[in-house]
Amino acid sequence: MATPGNEELRALVRDGKAMPAPGQDRPGRFPIRNRDDLAKAIRAVGRVEPATEEERARVRRYIIRRARELGAVADLPESWDLTTGRLKDGADS
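Under UniProt numbering, think of the first position of the sequence shown as 1, with each following residue one higher.
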């Protein structure tokens with residue numbers, strides 16, 4: 001699928017399938033419409049701004065929720081704590 005445009009991003013944010021992006025030049029971020037988008041979002045967690053573990057955990061929790069909705073929890077990295085969104089002890093990424 002192509003990268004969603006601004007109108008589609010707004011709709012995805014409304015539907016809970018993308019995170020709002022306040023203060024950014026786009027209406028949404030991390031759109032997850034399907035398993036391909038899920039894989040892209042998982043790879044993009046390291047580029048989260050602000051680059052804090054708190055913000056990355058917030059994004060991971062959103063990705064985990066979408067993975068559950070898609071029936072794709074098995075696609076998530078084993079290093080992620082599925083409850084908190086944080087990395088498990090000893091995990092690097």
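Think of the hints as simulated: they come from the structure by calculation, not from any bench. A few of these clues could be false.
Unchecked claim - Label pairs and their in silico Cβ distance ranges:
#1 51 with 81: 28 to 38 Å
#2 10 with 69: 18 to 28 Å
#3 5 with 78: 13 to 23 Å
#4 74 with 25: 17 to 27 Å
#5 5 with 83: 30 to 40 Å
#6 49 with 77: 19 to 29 Å
#7 25 with 51: 25 to 35 Å
#8 14 with 58: 32 to 42 Å
#9 34 with 77: 28 to 38 Å
#10 23 with 74: 11 to 21 Å
Even for Gly, the Cβ is constructed at its ideal location relative to N, Cα and C.
Each hint tested on the structure:
For the pair residue 51 and residue 81, the supplied restraint of 28 to 38 Å is violated, since their beta-carbon distance comes to about 19 Å. For the pair residue 10 and residue 69, the beta carbons lie near 19 Å from each other, so the given range of 18 to 28 Å is met. Between residue 5 and residue 78, the C-beta spacing of about 34 Å breaks the proposed range 13 to 23 Å. The hinted window of 17 to 27 Å between residue 74 and residue 25 is violated, with their beta carbons roughly 34 Å apart.
In this structure, residue 5 and residue 83 meet the distance hint of 30 to 40 Å, their C-beta atoms being roughly 34 Å apart. Checking the proposed 19 to 29 Å range against residue 49 and residue 77 shows it holds: the Cβ atoms sit about 20 Å from each other. Checked against the given bound of 25 to 35 Å, the beta carbons of residue 25 and residue 51, roughly 18 Å apart, lie outside it. A beta carbon spacing of about 19 Å between residue 14 and residue 58 contradicts the range 32 to 42 Å that was offered as a hint.
Remark: the range hint 28 to 38 Å for residue 34 to residue 77 is contradicted by a beta-carbon distance near 18 Å. Between residue 23 and residue 74 the Cβ separation comes to about 34 Å, which falls outside the hinted range of 11 to 21 Å.
Of the numbered hints stated above, those contradicted by the structure are hints 1, 3, 4, 7, 8, 9 and 10, listed in ascending order.
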